[in-house]
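Participant: Start from the sequences and build out the full structure, keeping to the hints where you can.
Residue numbers (this note's numbering): 327 to 686.
Read the hints as simulated data drawn from the structure, not as lab findings. Treat the hints with care, as some may be off.
What the hints assert, rightly or not - Each computed DSS-like pair below joins lysine-lysine, with the alpha-carbon atoms no more than 30 Å apart:
| no. | residue 1 | residue 2 |
| --- | --- | --- |
| 1 | K448 | K462 |
| 2 | K552 | K462 |
| 3 | K492 | K532 |
| 4 | K614 | K650 |
| 5 | K552 | K648 |
| 6 | K668 | K441 |
| 7 | K648 | K607 |
| 8 | K614 | K668 |
| 9 | K492 | K552 |
| 10 | K607 | K650 |
| 11 | K462 | K532 |
| 12 | K441 | K614 |
| 13 | K668 | K607 |
| 14 | K492 | K462 |
| 15 | K648 | K668 |
| 16 | K441 | K462 |
| 17 | K668 | K650 |
| 18 | K668 | K448 |
| 19 | K506 | K448 |
| 20 | K492 | K668 |
As the list claims (entries may be wrong) - Label pairs and their calculated CB-CB ranges:
| no. | residue 1 | residue 2 | range |
| --- | --- | --- | --- |
| 21 | K506 | D577 | 22 to 32 Å |
| 22 | A618 | W444 | 24 to 34 Å |
| 23 | A381 | P555 | 37 to 47 Å |
C-beta: ideal position from N, C-alpha, C; glycine also.
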Amino acid sequence: MAPSLGAWRDVEELPDFRHMSSMPCHERARHSACALQDVASAMSLPAWASRINAANLTAALDLHDVCAMASQHHIDPIASGVPQSLEEEAAMLVLAGALDFGASWRDELRSHHGKGAWETVKQGIESLSQMCPELKAEWLFHLSHTAVAMHFRLEHADHLTQFVSKLHSVVHELGENLIKQNVPSLAEYIMSLLEELRGDPHAAGKLIQDLADTFPTAFQDTAYLKRLPIYFYKKAQTVACELHERFHSLDDRFNFPDIEMLTGNVDPLVIAVLRRHEVVKTTWDLTKALQADTDLSTGGAAEVSLRAAGVAALEDMAWLAKLKGYPISPTMLGNYLWACGKSEAYANAQRHISKETCFY
Numbered sequence: 327m328a329p330s331l332g333a334w335r336d337v338e339e340l341p342d343f344r345h346m347s348s349m350p351c352h353e354r355a356r357h358s359a360c361a362l363q364d365v366a367s368a369m370s371l372p373a374w375a376s377r378i379n380a381a382n383l384t385a386a387l388d389l390h391d392v393c394a395m396a397s398q399h400h401i402d403p404i405a406s407g408v409p410q411s412l413e414e415e416a417a418m419l420v421l422a423g424a425l426d427f428g429a430s431w432r433d434e435l436r437s438h439h440g441k442g443a444w445e446t447v448k449q450g451i452e453s454l455s456q457m458c459p460e461l462k463a464e465w466l467f468h469l470s471h472t473a474v475a476m477h478f479r480l481e482h483a484d485h486l487t488q489f490v491s492k493l494h495s496v497v498h499e500l501g502e503n504l505i506k507q508n509v510p511s512l513a514e515y516i517m518s519l520l521e522e523l524r525g526d527p528h529a530a531g532k533l534i535q536d537l538a539d540t541f542p543t544a545f546q547d548t549a550y551l552k553r554l555p556i557y558f559y560k561k562a563q564t565v566a567c568e569l570h571e572r573f574h575s576l577d578d579r580f581n582f583p584d585i586e587m588l589t590g591n592v593d594p595l596v597i598a599v600l601r602r603h604e605v606v607k608t609t610w611d612l613t614k615a616l617q618a619d620t621d622l623s624t625g626g627a628a629e630v631s632l633r634a635a636g637v638a639a640l641e642d643m644a645w646l647a648k649l650k651g652y653p654i655s656p657t658m659l660g661n662y663l664w665a666c667g668k669s670e671a672y673a674n675a676q677r678h679i680s681k682e683t684c685f686y
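Facilitator: Shown next as C-alpha cells:
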C-alpha cells in the first residue's frame with residue numbers, strides 16, 4: 327500500500343509547478359509527469375512508474391528492432407480514394423487530431439454499425455473533406471448537429487446523441503475560432519502557421535502551443551491533482567508528429583527540428599503493455615477496478631496518474647536506450663510498444679482503461 331499523505335496532506339506544501347508555465351508544451355508535459363512520480367507515494371496516487379522495472383523492460387527490448395521500426399514509414403492515407411493537395415491533407419490531419427476521441431462510446435458504436443471509435447471518426451472526416459476539401463471556417467461553423475450526424479453516419483442513433491454533440495462542438499469551435507482570427511479555412515490556418523515557423527528550432531513546440539491556444543476544446547489537455555497541473559497535450563503532439571512524418575521529406579515547412587523532444591504517445595494499449603511488465607504499477611484497489619472494467623472518471627486521480635506514469639516511464643526508457651547508444655525517443659518507444667501490444671493480443675486490455683476515459 328502507498329503511504330499516507332503525511333507531510334503532503336496540506337495542499338500548500340505540495341511541490342510548486344508554476345515554473346512550468348513558461349516552458350514549451352511538450353516540456354511541460356515531460357516535467358509535470360516526471361515530477362509527479364517523485365511525490366506519487368507521498369500523495370497516495372493510485373498509479374506510478376517503477377524506474378527499476380522500466381530499466382528491466384528496456385534491457386529486455388530489442389533496441390535494434392525499435393530503431394528499425396521507426397525507420398519504416400508505412401503511413402496509411404487518412405482519406406481513401408480522395409485526391410488531395412498537400413494543404414488539404416494537412417488540414418485533414420488537424421481535423422483528425424481534433425476529433426480523435428470516442429473510447430467512451432466504442433461499445434455503442436460497434437453495436438450501431440460494427441465500427442469502433444476511430445473507424446467512425448475516420449469515415450466522418452473523409453465525408454467532411456470530400457464536401458469541403460479546404461475545411462472552410464464559415465462552413466465548419468454553420469454545420470448543424472444533424473449535418474454532423476449524417477457525415478459520421480450516426481443520424482439514426484439516438485443512444486449516441488451525446489457523442490454526436492461532442493463531435494459537433496469540436497467542429498463548431500474550429501470554425502468559430504478561425505472566423506475570430508479572420509482565417510478563411512483550416513488549410514489556410516495550418517499552412518500559414520507552418521510558413522511562420524519554417525526553420526524555427528522550436529517549430530513543433532510552437533505548433534502544439536498554437537493548436538492548444540487556438541482550439542482549446544480540441545487540444546488543451548491539462549489535468550489537476552491536488553491543484554498540481556499535469557500537462558499532456560496528447561492530441562496536439564500527435565498532430566505535430568503526423569504532419570512531420572507524412573510531409574517532412576516533401577516540404578521543409580513540415581521538418582520540425584524539435585520533433586524528437588515530444589513525449590511518447592500514451593494510449594490505453596500502451597499503458598496495458600506497461601502494466602503487464604509492471605513498469606506502470608497500480609494500487610490494489612485500482613488493479614481490481616481495472617480488472618473489473620470499472621469506469622474511471624476523466625480527469626480523476628486514477629486516470630491522470632495512469633497517463634502521467636506512462637509518460638514518465640517512456641521518458642526513463644528512452645534515456646536508458648540513449649545511454650546504450652541508441653537514438654530512441656519516447657515517441658518511438660510508445661509507437662513500438664503499441665505495435666507490440668497489438669501483435670501480442672493486448673486488444674482486450676484496452677478495456678482496462680475506463681469507458682469514460684477518452685485520453686484526449
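Participant: All hints, please: hold or fail.
Facilitator: Going through the hints against the structure:
1. K448 - K462: Distance of about 19 Å is within 30 Å: holds.
2. K552 - K462: violated, 41 Å
3. K492 - K532: holds, 26 Å
4. K614 - K650: Since the Cα atoms of K614 and K650 sit roughly 37 Å apart, the hinted pair is violated (cutoff 30 Å).
5. K552 - K648: Not satisfied, since the Cα-Cα distance of roughly 34 Å exceeds 30 Å.
6. K668 - K441: Holds - the C-alpha atoms of K441 and K668 are around 18 Å apart, at most 30 Å.
7. K648 - K607: holds, 24 Å
8. K614 - K668: Roughly 23 Å between the alpha carbons, so the hint for K614 and K668 holds.
9. K492 - K552: Within the cut-off at roughly 28 Å; holds.
10. K607 - K650: holds, 25 Å
11. K462 - K532: holds, 23 Å
12. K441 - K614: Measuring from Cα to Cα gives roughly 29 Å; hence the hint holds.
13. K668 - K607: With Cα atoms ~21 Å apart, K668 and K607 stay inside 30 Å; holds.
14. K492 - K462: holds, 20 Å
15. K648 - K668: Roughly 25 Å between the alpha carbons, so the hint for K648 and K668 holds.
16. K441 - K462: Holds, at about 28 Å.
17. K668 - K650: Between K668 and K650 the Cα gap is close to 27 Å, so the pair holds against 30 Å.
18. K668 - K448: Between K668 and K448 the Cα gap is close to 20 Å, so the pair holds against 30 Å.
19. K506 - K448: The given pair, whose Cα atoms are some 27 Å apart, holds under the 30 Å limit.
20. K492 - K668: holds, 28 Å
21. K506 - D577: 22 to 32 Å: holds, 28 Å
22. A618 - W444: 24 to 34 Å: 25 Å Cβ-Cβ, so the 24 to 34 Å window holds.
23. A381 - P555: 37 to 47 Å: Between A381 and P555, where Cβ atoms are some 28 Å apart, the hint is violated.
The structure does not agree with the numbered hints 2, 4, 5 and 23 stated previously, though it agrees with the rest.
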